[in-house]
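Start from the sequences, fold in the hints, and give me the full structure.
Chains as they are written, first to last, in the numbering used here: chain A, 1474 to 1798; chain B, -5 to 209.
Certain hints may be false.
[To be verified] Computed Cβ-Cβ distance ranges for the label pairs, DEER-style:
(1) A/P1653 / B/E82: 54 to 64 Å
(2) A/D1608 / B/E82: 49 to 59 Å
(3) B/R123 / A/Q1514: 39 to 49 Å
(4) B/P37 / A/R1483: 37 to 47 Å
(5) B/M132 / A/G1515: 12 to 22 Å
(6) B/Y135 / A/R1483: 33 to 43 Å
(7) A/R1675 / B/G185: 42 to 52 Å
Hints are computed from structural coordinates only; laboratory data are not their basis.
Even glycine gets a Cβ: it sits at the ideal position worked out from N, Cα and C.
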Amino acid sequence: MKSFEYAAPRSLKEAVALLSDTWGRTEVLAGGTDLVTSLKQGITQPNRVVSLRNLRELKGIRPKRGGISIGATTTLADFVSDGEIKKNFPSLLTAAQDIGSPQILHTGTVGGDLCQRPRCWYFRNGYGLLGREGDTSLVREGDNRYHAIFGNEGPALFVNPSSLAPALIALGAEFTLTGPGGKTRTLPAGEFFRTPKSETERETALKPNEILTEIFLPNKGLKNATYEVRHRHGLDWPYVSASVAFTMKAGTVSDARVVLGHVAPVPWAAARAGGALNNAELNDTLAAKCGDAAAEGARPLGGNAYKDQMVKVAVKRAVLAAAAA
Amino acid sequence: MENAAKRLGVAADSLEASGGVIRQADNPSTKMSWKDACASLGPSPITKRGVNVPGESAKAGLISQGVGGAQIAEVSVDVETGVVTLNEMVAVQDCGLIINLKTAESQVYGALIMGITYALYEEAVYDARTGRMLNADMEFYRLAGIKDVGRLQVHMMTGKGYDDRGVIGLGEPPVISPGGAIANAVANAVGVRVPNLPLTPDRVLAALSQKGGMA
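The structure is reproduced here in C-alpha cells:
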C-alpha cells in the first residue's frame, strides 16, 4: 500500500478544500469498509485521505419539511434503528438489513453505501473500472456471471453495488453534494449515478472535490418494499434486487416506480414495469406481469442470463410485499 | 505401576488395577486410588512406543480398516430463484473404537459444514484468458455461514461390533457424503438432477428449465 497523508478536518469547508480536483489524488473516508479494501487491493493510491469523522453535522437523521434529512455519515446501524425509517420505509429497512453483517452495519455509512466502488472482479483484480486488457473486454470475453444485463451497450459492464440506491430512487430521494467553498447542489437520486464511458470517468455525478453530504427522503405515504435474491442467507451480495414504491387507493395502483439493483452499471429504473402497475388493480397476476415487464429488453452477456428470471421474481415479490405492508 | 509400587512399598508385578484403584492382587487392602496414582506422576506423561507390523495388528484385533456411515439432507428449493436452503442434515458415522466421543462428533459436524459449503457454495473461478483467479477473496469464494448450515445432527455408532474393531480414522469419511446427500435432496425436491456442484441458483434454474418448468 502506498503511504498517504491523513487529514481529519473539523469543518466541511476545510474538508472540501483538502480534496484534489483530479480523481485518484485524494479519497474521502467515511466508514472505510470499501475504501480500506480498495487501498489494500491497490485500485486506489491516493496521496491524501480525508476523513469525515469529525464532521458532526453529517451524522444523524433529522425531520425536514415533507420528509427526513439523512446525514451522509449516518451509520447503517443507526439508519435501520431510526423510527421514521422503520415506520414508513420498509423498502430501505430491508435493503439495509440484508447487508447482513453487524460489523459492516455498525461501521459502514449511508453515503458510503451510495459511493462505494463496484465489486466487479476484473476491476478488483487490477484490470481497471471497465475490466479491459488492451482492446479486449475481459468481462465480455470472460466470466461475467455477476455483471450487467441492462445498460451494457457501452464499455462499462459492472453492476452498481449499492443496496440503498434502488430504494432511494424509487422513493424519490434527493442527494446534496457539497463542493469547494461549501457550495452545494442537489440532484434527484437517479441522476447521481452515471455510466462511465472511459477509465477516467467515475460512476457518480460527484466531482473529485465534492462530498455527498445529505440525502433528503420525502414522505409521500408510498407503499414500498425491496426484495433481494441472494445465494447465501448471511452476508452476501445480491444477484439481483428490486425496489418498488407506489400509491394505492382502493386496491388500484398509481405513481409506480420500479428500480432494480445489481443488473446495470447504475441502479436501473424499469420504467415499463412501473407502467404495467399503474391504473390497475393489484393482484398476483398483475405483480407477475410487472415482473415480466421489468425483465424486458435485458441483454445478457453470456454468463448471466439467469438474472432475467431473478428480475421477474424479485419484482413480483417486491410488489406483493409492498401491497401487503 | 512401578510408580505406584514404589509408593506402596511392594513389587510392581504384584499389583493390579481394578474399580478405580491400584491394589495388590493377593492383598487388596494395600491400595491407592487411580487418581492418586496419576497425580503422583506429576507433569511427566507416560509414553509407550510400539511398531505396527502390517497385517499383524489387524490380526491381533487392534485395528481394522474401512468405516461406514450414512447421511441424510433435507432442503428447500425456491423454484423461482433457484436458491437452495439447507434445513437439516443427519450424519450417522462409524469409525471403530471411539476414544473421545466429543471430538469425534465435532469432526463429523465440521465435515458436514465443509460438505454443505462445497455442495452449495464453494467454487474457485479463474479467468480463461489471463489465468487469474477472480474470486481469491471471502466475498465471491463463498463459504457456508451460520445461517446457511441449518440444523445438524451427528450420531456416532458405538458398542458391540464397533468398539471391538479397534481404532480406525475419521478425517475424510464423513466429508464425502454431503455432496451426494444434498444433491439427492435437491433432485427429490424439484424432480430433476442438477448435475454439477456447487448447486448454485443459476444451475438449479437451468436444470429446471431443461425439465420444462417448475417442480
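Now the hints, each set against the structure:
no., hint, verdict
1, A/P1653 / B/E82: 54 to 64 Å, "holds (60 Å)"
2, A/D1608 / B/E82: 49 to 59 Å, "holds (52 Å)"
3, B/R123 / A/Q1514: 39 to 49 Å, "violated (20 Å)"
4, B/P37 / A/R1483: 37 to 47 Å, "violated (60 Å)"
5, B/M132 / A/G1515: 12 to 22 Å, "holds (18 Å)"
6, B/Y135 / A/R1483: 33 to 43 Å, "holds (42 Å)"
7, A/R1675 / B/G185: 42 to 52 Å, "holds (48 Å)"
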